[in-house]
Structures are given as structure tokens and as C-alpha cells.
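Q: Please construct the entire structure, taking both the sequences and the accompanying hints into account.
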Amino acid sequence: MNKKLAAALSGGAVLVLTLSGCSSDDNSDKVNAWAKNVCDKVQPQLQKIANANAAIQQQTADNSKPADVQKTDSAAFQQISQAYKALGAAVDSAGAPPVDGGETTQKEAVKELNASSAAYANLEKKVDALDTKDQAKFADGLKGIADELNKISTGGDEALRKLQSGEVGTAMAKQKGCQKPTASVAPNTASPKPGAPSPSASPSKKS
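Take 1 as the starting number for the sequence shown in this note's numbering and just add one per residue.
Treat the hints as calculated values from the structure; they're not laboratory data. Some hints here could point you the wrong way.
[What the hints assert, rightly or not] With a straight-line Cα cutoff of 30 Å, these simulated DSS-like cross-link-like pairs (lysine-lysine) come out:
hint, residue 1, residue 2
1, K36, K111
2, K133, K151
3, K30, K111
4, K107, K151
5, K137, K151
A: This is the structure:
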């Protein structure tokens, strides 16, 4: 029942992970410093996204109860929404990267991250509104949410791709904080309340 949703999520644009570009020695110290500043703040949010992804993946058995699936998916979407919002704040607070067109690229990336946050918040509301008493209707509802998730994942990432290209992308790729994290979610994901991921969009938290 939840497999299509899990597949859509796993294929989604979990940003700041597909980093590419050619290195340049010009201004490299400043670019590396900017990348470290962003990636140090990004890592906790990428971890939240990975954990939420894993929670949905774990709730994909055909015999999963609709109420449990709803609870897990709702909490996961809430967590992903908060993570994207914090990612946007992290990129925003870092200032423009010290490269040509950096300010425009930064602003567009922040705009996309905030839009993704709003989109996942909307998916959370839609999951919460599904009828768990009718399994067929619930499955149809999940299918519709998976379709929306595919659209979110495949569209509107141009500014993020631009941010992750060239010298800035190369610098970010070197930072451990921008590497794809391994999910560290507990096996039992159905029991926590939907509000379990507290509103912790605190991108300015530094280690």
C-alpha cells in the first residue's frame, strides 16, 4: 500500500547530495569557507530527511494497518517539511557564495527550499485527511499523494542544481556535512505520535 509512496520518496530530490562541477583555484579559500558554513548546518537536516524516508520505507508491508501508515507518513512529511525550511534558512544565513552570480543563485535556491517545505507540509495535511477506515479509499489516496510527491521531486530544482555546480558544488562535495547520511531511525516507527519531530527548524545551530 505504501510502496509507491516509499519509491517516490527514495527517488526524490534530497538536495545538496548530487554535487558536481569543476574545481578552480581562484577564490578557493573563500568558497571552501562558505561551503563549510552551509554544510555544517545542512547535515542535521539531511539526517532528518533520511530518517523520515526510512520510516516510510519501513511501513511498506502489505498488511500494514492504514492508521499506522497514516501516522508514520504524517510524521515523516512533517519532519521533511521542517528540514527543508531549515535548509533554506541555512543557505540564506550563509550569504551569497563568493562566485559570479552567487547572490542570484543563493536567492533562487532558498526560494526552492522554502517551496519544498510548503509542499511537504501540504502532503502532511493530505495524509492526515485520508480515510483510514476504508482501505481501498486509503490506498487510492496514497497513490494520489505519491503522484504529487513525484512532481515535487522532479520539478523546480534548477536553482539547487545551479548552486551545486561549478566551484561551489565542488567545495560542497568535499564537505562531510553535505554527504548523504545513513538513516538512523528506530525499527518501530508506528508508535510515536505524529508530532514527534518537534518544530526544531533551528538552522543556526552550530556544532
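Q: Would you mind marking each hint as holding or not holding in the structure?
A: How the hints compare with the structure:
1. Under the criterion of a C-alpha separation no larger than 30 Å, the hint pairing K36 with K111 is consistent with the structure, at around 21 Å.
2. At most 30 Å may separate the alpha-carbon atoms for a hinted pair to count; K133 and K151 meet this at roughly 28 Å.
3. A C-alpha spacing of about 24 Å is found between K30 and K111, which places the hinted pair at or below 30 Å, so the restraint holds.
4. With a C-alpha separation of about 22 Å, the suggested pairing of K107 with K151 holds against the 30 Å cut-off.
5. Between K137 and K151, the direct Cα distance comes to roughly 22 Å. Compliance with the 30 Å bound is thereby established for this hinted pair.
In this structure, none of the earlier numbered hints is contradicted; all agree with it.
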